[in-house]
Amino acid sequence: MGAPKKAPARAVSDDPEDLASVPLQAVLLADSFATRFRPITLERPKVLLPLVNLPMIEYTLAWLESAGVEEVFLFCCAHAKQVISYLENSQWYAQPKFKVTTIESHNSVSAGDALRLIYERNVIHGDFVLISGDTLSNMSLMRALQEHKERKKKDSNAVMTMVIQRSKPSPITQQSRLGTDGLFMAIDPTTKQLLYYEENTNHLKGTLSIDKMLLVDNSSITLRNDIQDCYIDICSPEVLSLFTDNFDYQHLRRHFVKGLLVDDIMGYKIFTHEIHSSYAARVDNYRGYDTISKDIIQRWTYPLVPDVLSLGNSATNLERQGMYRAFEIGQSRSAQIGPHTVIGTNTTIGSNTKITNSVVGKNCAIGSNVLIEGSYVWDNVTIEDGCELRHAIVCDGVIMKSGSVLKPGVVLSFKVVIGQNFVVPPYSKVSLLKQPTKQDSDEELEYADNDSDTLDPATRTMDKLNGDSSLEFSEMQDHVSSELGYGGAGYIWSICEGSHEEEWRHSVAPIPPEKVAEITQVIEDDLELVSQDSNAPASSGELKPDTQINAEDDAVYFEKEVEATFLRAVNENVEVDHVILEVNSLRLSYNMQAADCAGAIFHSMMKLALDATHSSQNELLRNVHETVNTWQKLLKSYLPGKDEEIEVILKFEEICLESVRELSPLFTQILHLLYEKDIITEEAIEDWESEKKDADEADRVFVKQAEIFLKWLREAEEDDEEDDE
Amino acid sequence: MPDVQALVNEFLFKLKNGEILKIEGSHATARQTAILLRSVISQQRIPHTHQAAALIDAVKAVGEQLVAANPVELAVGNIVRRVLHIIREEDLSLTTVAMAGLNVSPVSDDEGETDQDDHPVLSAAAVAAASRNTLRPPSLQTLLEDLPDSTAIPHTSSSGGDSDGKSKSADKSTRSRKLKHDVIEALNELIGDIDTCHEQIAEQAVEHIHQNEVILTLGSSRTVLEFLCAAKEKKRSFRVFIAEGAPRYQGHLLAKELVARGLQTTLITDSAVFAMISRVNMVIVGAHAVMANGGVIAPVGLNMVALAAQRHAVPFVVLAGSHKLCPLYPHNPEVLLNELRSPSELLDFGEFSDCMDFGSGTGSPLLHVVNPTFDYVPPKLVSLFITDTGGHNPSYVYRLIADYYSNDDLVLQRKPAPTN
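In order, the protein sequence lines correspond to chains C and S.
For the first sequence, our numbering gives the first residue as 1, with consecutive numbering after it.
For the second sequence, our numbering gives the first residue as 1, with consecutive numbering after it.
Read the hints as simulated data drawn from the structure, not as lab findings.
Keep in mind that the hints are not guaranteed to be accurate.
As the list claims (entries may be wrong) - Chain S regions said to be covered by chain C (calculated; three or more residues, Cβ under 8 Å):
#, stretch
1, 251-264
2, 272-285
3, 365-374
As the list claims (entries may be wrong) - Cβ-Cβ distance ranges computed for the label pairs, FRET-style:
#, chain 1, residue 1, chain 2, residue 2, range
4, C, F247, S, A6, 52 to 58 Å
5, C, D155, S, C355, 51 to 57 Å
6, S, H252, C, H106, 51 to 57 Å
Just so you know, these numbers come straight off a predicted model, no measurement behind them.
By construction, the Cβ of each residue, glycine as well, lies at the ideal position given by its N, Cα and C atoms.
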């Protein structure tokens, strides 16, 4: 299967004329394989959730069409029937130059599975755009595609181009404006090759470890944390076969991208394309939903904005201050509709109602004296008099009885009924469906246990979860009414899912000020700690020289460890071989060279000699003699070459100058001793001397001291040579 | 018919994405609309009765879709209305001829052929004028009577067709072919007219630009470019000030073009216009659309330029091809006066992303960027319109519009019950 697939692709990329004739294809994953939008996604697929009154997939398809994509393979998994029936009723199947083909699967649990299935279908014949159905963009694909093809021509290993955009993360929470965790990337500034990709950097508390081979292999790299991954990838067909070859790849980023970056055996490369003047973003969580909705209202996504992009004949008019109103609206005179608000068709708004920064869908009935602030009200919602909604998401068919209040961050799933005067606590998620009792430990398995028949989802899922049906249902109704006030229907999901922190981080509501203060406090504390360590967190684009500091620290620790080992060996009469083994393991754990070991061991030996009782210089020299005699094997094992020997001499100098001044008069003698014991060769000594030739006087003290010895050495050598002749 | 539908769909797609691909100017759009409508008409099956009505219906059906696809591009609606007008005029001339003489067909045939032979590149305006001449003298009287007259036209035409059909069945097929043929001929004229509109306007350049004058313009317009180049070719030496036209900075492109053709060019910022206007002899700009009251919908910033020009009594001249003449008034709710584009033309998203972090604070956006595409310049600020038919005062625009459009076609949305 693999071979016939690859061959035509290769041929295509070789021939530029063929290249033009291949229609641009796209793979659209109409499933996010995540659970962030639960409980809503239990009843409706994420791609059909309305974003400013249009299903998300509309934006994606409209963009693909405008960007010149001619054939789209729409992969649906969860609620596939709903997606397909939506498409059948939409205009997309009837487009002349834009072919939408759906691929349905019920057992795919990840993007990896989806791509493997698409590979099996053998439908992708050239470079394709990989996008998920919750992504919207207005970028022009032309340049990115061209860059990708040119790179591909030069280097067949350049399999993927990732679209990225600059977006500063919040300095306080370290999360991006889309609510995703911080992202760290290393990019080669000239070739734009992606070298490193790390999500969730906020958990790393300001430190980041990068393989130093990156620094070795690349002349320059840019480290950036102000990047937003747009989740739009231009892929070569090889990507599909890579997914098939590596059947454990599930997640596009966590497995595939990281896999390619870490595994350099195959040599596949990923490149980036940064967009500047256009917009691209993916709805990943509720905060992203909020942010992107606001971006759409602010027209960053132009021309994908409500008044240009409209479904059917529900035309929308843009008025002053970013107010979008459909033409048929029943609005009371005393109702105030604030800026940045979208009101859908056939919605009625009662008197003295105030709506700001919100989106209200079609056919909603909003009573009098209602306050809606920063909220997303979908279609067919009834809000009775005197309700208050702040930063909430209210799905289709919800009924809010009079006087009920939604606190910030509340999500009401489909057809929930909130009882009279009931106050829904902040960040609660309310659904007609009971919260799944068994938690999927793996986040990947979004709708895995949720096949997509069009039965009433409420009964279906309850059947599944509770085992038996109708009896329990009625029981539940009673139970429900108590949970959401008189006449209410639905369950408040408990917030055990994920940590509590998740809730305010990813909700539609802005982060409450007390939380911000809390985090700021934590950050300040951290900063104090860090500044004591003189080790500030690295900011974007700079690599602090702390690695060097660490290296020196390491060297000191290593020396101490070696000394301890050595002393233990002396005291406990451990065999030399064992000591070598132990020192070796130390060497590996501290990532040191043989020369470092030699230096450390020599240092320890000298110290041992010094610690032994001595009254005069001669006694000390004798001690040194003994020690060297006993331990020469150990020292020698770390002296494979001249360089290490020189290192030892230099170390010796250092010892004499700094730690153990008593040894300095004996320098020449000890050097002679080392020479005699064959620990240090004459070449090493000569090299040492010549190395020191250009040094300042202070450094040459020992060279001078050893002058006689050196002279003798040279003469001896000459004699040797003469003898040879 | 399926071919036409495919063509229409393709064009609809182009119109919808015109903003994204930025390849369509209103000139090209107008031309393509005319070509599309020609193929619609040529492929339209014509029934024996109500021929004109059938054609009008077909064109309106397509026209409605086209206008809906991109309501901002007024040129589309203009061309659709002009085609409708042409159908009405041709139908009217045929019926009058039919009713006037006994020997119907030879006369009308001759007329058509002489038209073709003698004036192969006759402008549509001339054709329209000629046809009007045969029907009625272009006096103020007829203009005033125009309204009742033209509402009566479809009625008379269809009744004429009816009587025709009853009396002479043999003549029907020739007449239907005749109407279609005439309409397509007139459409070809219209297309040729759109093609040559730049040259027609540019021809008048020497009359307006004099030696050693200083001309100011804003942004870029192909009409302005050719106008200036035509004057240059006639050995006029003059200087051009170009306001860059933020935020799209098309003035930069115009400057490049003009310098390439050897014109002395000075580029200034938009905000420097008032400071420079006292040194300027004439402001020459292009337009997006000319409204029925003589007001102009033009690239953003031009109202400011017009006001500056008025303050210093500098003539403000607007160049517009006749396809830009819009029979609607700017207060008409159908006219989408403005188009708000993406803020990314003004700001770098990455740089300002922290201003739009809705996660902190109150969650409401504090930064709002407004990026309108067009300005409305009221007629009193415009000194002169130069169209392909010559120079006109703003107060004369309504008259031009009466030449090109029928009152019946001002509203393109089809009524539930079509004609008769």
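Going through the hints against the structure:
1. Beta-carbon proximity to chain C at under 8 Å applies to 0 residues in the stretch 251-264 of chain S; the threshold of 3 is not reached and the given coverage is violated.
2. Here the stretch 272-285 of chain S counts 0 residues with a CB under 8 Å from a CB of chain C, which misses the bar of 3, and the coverage is violated.
3. For the stretch 365-374 of chain S, the proposed coverage by chain C is satisfied: 4 residues have a C-beta within less than 8 Å of a C-beta in that chain, meeting the threshold of three.
4. In this structure the hint that F247/C and A6/S lie 52 to 58 Å apart at CB is violated, the actual value being about 44 Å.
5. Against the hinted window of 51 to 57 Å, the Cβ-Cβ separation of D155/C and C355/S comes to about 39 Å, which falls outside the hint.
6. Taken as a hint, the range 51 to 57 Å holds for the pair H252/S and H106/C, whose Cβ atoms sit roughly 56 Å apart.
Violated hints, in rising order: 1, 2, 4, 5; the structure is consistent with all others.
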